[in-house]
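Visitor: Per this note's numbering, the very first residue in the sequence shown carries number 19; after that it's consecutive.
By construction, these hints were calculated from the structure, which means they are not laboratory data.
It is possible that part of the hints are untrue.
[Said to hold, decoys possible] Each pair of labels, with its calculated beta carbon distance range: (1) Asp21 - Ala97: 54 to 62 Å; (2) Lys74 - Ala97: 21 to 29 Å; (3) Glu148 - Asp21: 29 to 37 Å.
[As the list claims (entries may be wrong)] Below, simulated BS3-like cross-link-like pairs (lysine-lysine); rule was C-alpha separation at most 30 Å, straight line: (4) Lys125 - Lys27; (5) Lys146 - Lys34; (6) Lys125 - Lys34; (7) Lys127 - Lys34; (8) Lys58 - Lys74; (9) Lys127 - Lys146; (10) Lys58 - Lys127; (11) Lys127 - Lys27; (12) Lys146 - Lys135; (13) Lys135 - Lys34; (14) Lys125 - Lys135.
C-beta: ideal position from N, C-alpha, C; glycine also.
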Amino acid sequence: MADPRQLVKVLELADKELEAAQLQLRSARSQADALREQLKSLESFRMDYVRQAAEKTGDKLAANHYQQYYHFVARLDGAIDQQHQQIQAADQAVTQFQQRWQQVQQKQKALSLLIDKEMGRRRARAEKREQAELDEFALQQFLRRQP
Numbered sequence: 019m020a021d022p023r024q025l026v027k028v029l030e031l032a033d034k035e036l037e038a039a040q041l042q043l044r045s046a047r048s049q050a051d052a053l054r055e056q057l058k059s060l061e062s063f064r065m066d067y068v069r070q071a072a073e074k075t076g077d078k079l080a081a082n083h084y085q086q087y088y089h090f091v092a093r094l095d096g097a098i099d100q101q102h103q104q105i106q107a108a109d110q111a112v113t114q115f116q117q118r119w120q121q122v123q124q125k126q127k128a129l130s131l132l133i134d135k136e137m138g139r140r141r142a143r144a145e146k147r148e149q150a151e152l153d154e155f156a157l158q159q160f161l162r163r164q165p
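Using the sequences and the hints, build the whole thing.
Guide: Structure (structure tokens):
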């Protein structure tokens, strides 16, 4: 089995990799949340604009103002659709980073278990060797006392 000290170095690298994966996941989640907030703002702005325009329809809008209103709302709808697409892409990135984080975490846990197991084996061998030495010492003491 590999030297546990070498495995500890590999575990340290896995810990760093896990930290990096956590940072990437946190960043991706933050970006997705920010995109959702932007979407809420766009939708709220659109609703306010439509509401205000509806209030002005009693004043009879000129044809060119109605056309400008229609084009502006269409552009807002396009921006909202684009925002939905960005959110979908961000959610996919979050899913990928989540999977990556889970893989790295599993690797880190496996290395940790392997190190613990090897350290346990080494302790058991050392204890067995120590017990054999104590038994040998006791036997030598016993034999020296015999006439």
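Visitor: Indicate, hint by hint, whether the structure satisfies it.
Guide: Consistency of the hints with the structure:
Judged by the Cβ atoms, the range 54 to 62 Å given for Asp21 and Ala97 holds: they are separated by roughly 59 Å. Taking the beta carbon of each, Lys74 and Ala97 are about 22 Å apart, inside 21 to 29 Å as hinted. In this structure the supplied range 29 to 37 Å is violated for Glu148 paired with Asp21, their Cβ-Cβ distance being about 20 Å. This hinted pair checks out: Lys125 and Lys27 have alpha carbons roughly 14 Å apart, not beyond 30 Å.
This hinted pair does not check out: Lys146 and Lys34 have alpha carbons roughly 36 Å apart, beyond 30 Å. Only pairs whose Cα atoms come within 30 Å are accepted, and Lys125 paired with Lys34 is accepted, the gap being roughly 12 Å. Pair hint Lys127 plus Lys34 holds up; C-alpha atoms about 13 Å apart against a cutoff of 30 Å. Between Lys58 and Lys74 the alpha-carbon distance is near 24 Å, which keeps this suggested pair within the 30 Å criterion.
Between Lys127 and Lys146, the direct Cα distance comes to roughly 28 Å. Compliance with the 30 Å bound is thereby established for this hinted pair. Proposed proximity of Lys58 and Lys127 is contradicted: the alpha carbons are some 40 Å apart, above 30 Å. Restraint check: the Cα-Cα separation between Lys127 and Lys27 comes to about 14 Å, which is no more than 30 Å; the hinted pair holds. Proposed proximity of Lys146 and Lys135 is supported: the alpha carbons are some 16 Å apart, at most 30 Å.
Under the criterion of a C-alpha separation no larger than 30 Å, the hint pairing Lys135 with Lys34 is consistent with the structure, at around 22 Å. For a cut-off of 30 Å, the pair hint linking Lys125 to Lys135 stands: about 15 Å separates their Cα positions.
Of the numbered hints listed earlier, those contradicted by the structure are 3, 5 and 10.
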